[in-house]
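Taking the hints into account, I'd like the entire structure generated from these sequences.
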Amino acid sequence: MIAAEAALVAIDSMVPCFQPVVDLRSGEVVGLEALARWPTVENVDPAEVFALARAQGVVSDFDFACRTAAVEQARSAKITEGLSLYLNYEPSGILDVARTEAHLDALECDVDVVLEITERGLDVDPARLRAMVASARRRGFSVALDDVGSNPSTLRALPIVQPDIVKLDARILRHRTSIRTLWTVWSVRRYVRASGAVILAEGIETELDHARAVQLGATLGQGWLFGRATASEDFSLPLQRS
1 MIAAEAALVA
11 IDSMVPCFQP
21 VVDLRSGEVV
31 GLEALARWPT
41 VENVDPAEVF
51 ALARAQGVVS
61 DFDFACRTAA
71 VEQARSAKIT
81 EGLSLYLNYE
91 PSGILDVART
101 EAHLDALECD
111 VDVVLEITER
121 GLDVDPARLR
131 AMVASARRRG
141 FSVALDDVGS
151 NPSTLRALPI
161 VQPDIVKLDA
171 RILRHRTSIR
181 TLWTVWSVRR
191 YVRASGAVIL
201 AEGIETELDH
211 ARAVQLGATL
221 GQGWLFGRAT
231 ASEDFSLPLQ
241 RS
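So the sequence shown is numbered by my numbering: it starts at 1 and just counts up by one.
Derived by calculation from the structure, the hints in this document are not laboratory data.
Predicted model only: the values in this text are computed from it and were never measured.
Backbone N, C-alpha and C fix where the C-beta goes; we use that ideal spot for every residue, glycine too.
Where hints are given, some of them may not hold.
[Said to hold, decoys possible] Each pair of labels, with its calculated beta carbon distance range: (1) W224 to D110: 16 to 22 Å; (2) E42 to E233: 20 to 26 Å; (3) G196 to R176: 20 to 26 Å; (4) D110 to A51: 31 to 37 Å; (5) E205 to V124: 31 to 37 Å; (6) A65 to M1: 18 to 24 Å; (7) D23 to V97: 33 to 39 Å; (8) R75 to R180: 35 to 41 Å; (9) E205 to T68: 29 to 35 Å; (10) R180 to V214: 17 to 23 Å.
Put into structure tokens, the structure is as follows:
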């Protein structure tokens, strides 16, 4: 937790890194997810940093700073030309209408934005979450729901968020026959059939994972097989599957 405290204080040292989102059929890179990293802080876990921000009641501003930095970096480095930019949004940071609208206003740009609703705090205020998603759609943003299957609230959130992209939790590939996995896959497939949404499988590290993701119905994927989160200056353009 000491590292998390140091990272939270040193928000200015946060570096947006970007992980490829790949079309599983063609291998083409179709998007980049922005992820917060702290190269100057040793042994920091980004999940712990956000947990600490929530505990201290500053997750809204912290989350906003991370998104803003990601958009600015992606635009200045011109790494999202022709690609979607996936930006995480913490449901627990949706505090009031005015602040939510201001945060969404800041994302309006020439980049194709996919607003990725994280799995944390989905049960806090469903009505407020639904309103935020509606505001995002009015701005032309696509919506993804992250880590579906990681906890029961992610499945309950499907009819509320109505995502265009359902991101399966990485553990779904690892535990294909567990009760949680079977229930998650059934629920997601039912939602996808009714909505026309697409499935993105996370945590693809091997060709076997790739094959399993396709079997689950995923058409998009992320994972070390395709590339780790990398600082924008380390990208070579045009992006290719690694």
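Please test the hint of 31 to 37 Å on the beta carbon pair from E205 and V124.
Between E205 and V124, where Cβ atoms are some 32 Å apart, the hint holds.
Looking only at beta-carbon atoms, does the pair E42, E233 fall within the given range of 20 to 26 Å?
Holds, since E42 and E233 (Cβ atoms, about 21 Å apart) stay within the stated range.
Holds or violated: 16 to 22 Å for the Cβ distance of W224 and D110?
Between W224 and D110, where Cβ atoms are some 30 Å apart, the hint is violated.
R180 versus V214 beta-carbon gap, inside 17 to 23 Å or not
holds (21 Å)
E205 versus T68 beta-carbon gap, inside 29 to 35 Å or not:
Holds - the Cβ-Cβ distance for E205 and T68, about 31 Å, lies within 29 to 35 Å.
Kindly confirm whether 31 to 37 Å is satisfied by the beta carbon distance between D110 and A51.
holds (33 Å)
Hint says 35 to 41 Å; check whether the CB-CB distance for R75 and R180 agrees.
holds (39 Å)
Could you check the hint for me, namely that D23 and V97 are 33 to 39 Å apart, CB to CB?
holds (36 Å)
Lying within 18 to 24 Å: is that true of the beta-carbon distance A65 to M1?
holds (20 Å)
Evaluate the given range 20 to 26 Å for the C-beta pair formed by G196 and R176.
The hinted range 20 to 26 Å holds for G196 and R176, with Cβ atoms some 25 Å apart.
Hint violations for this structure: number 1 only, all remaining hints satisfied.
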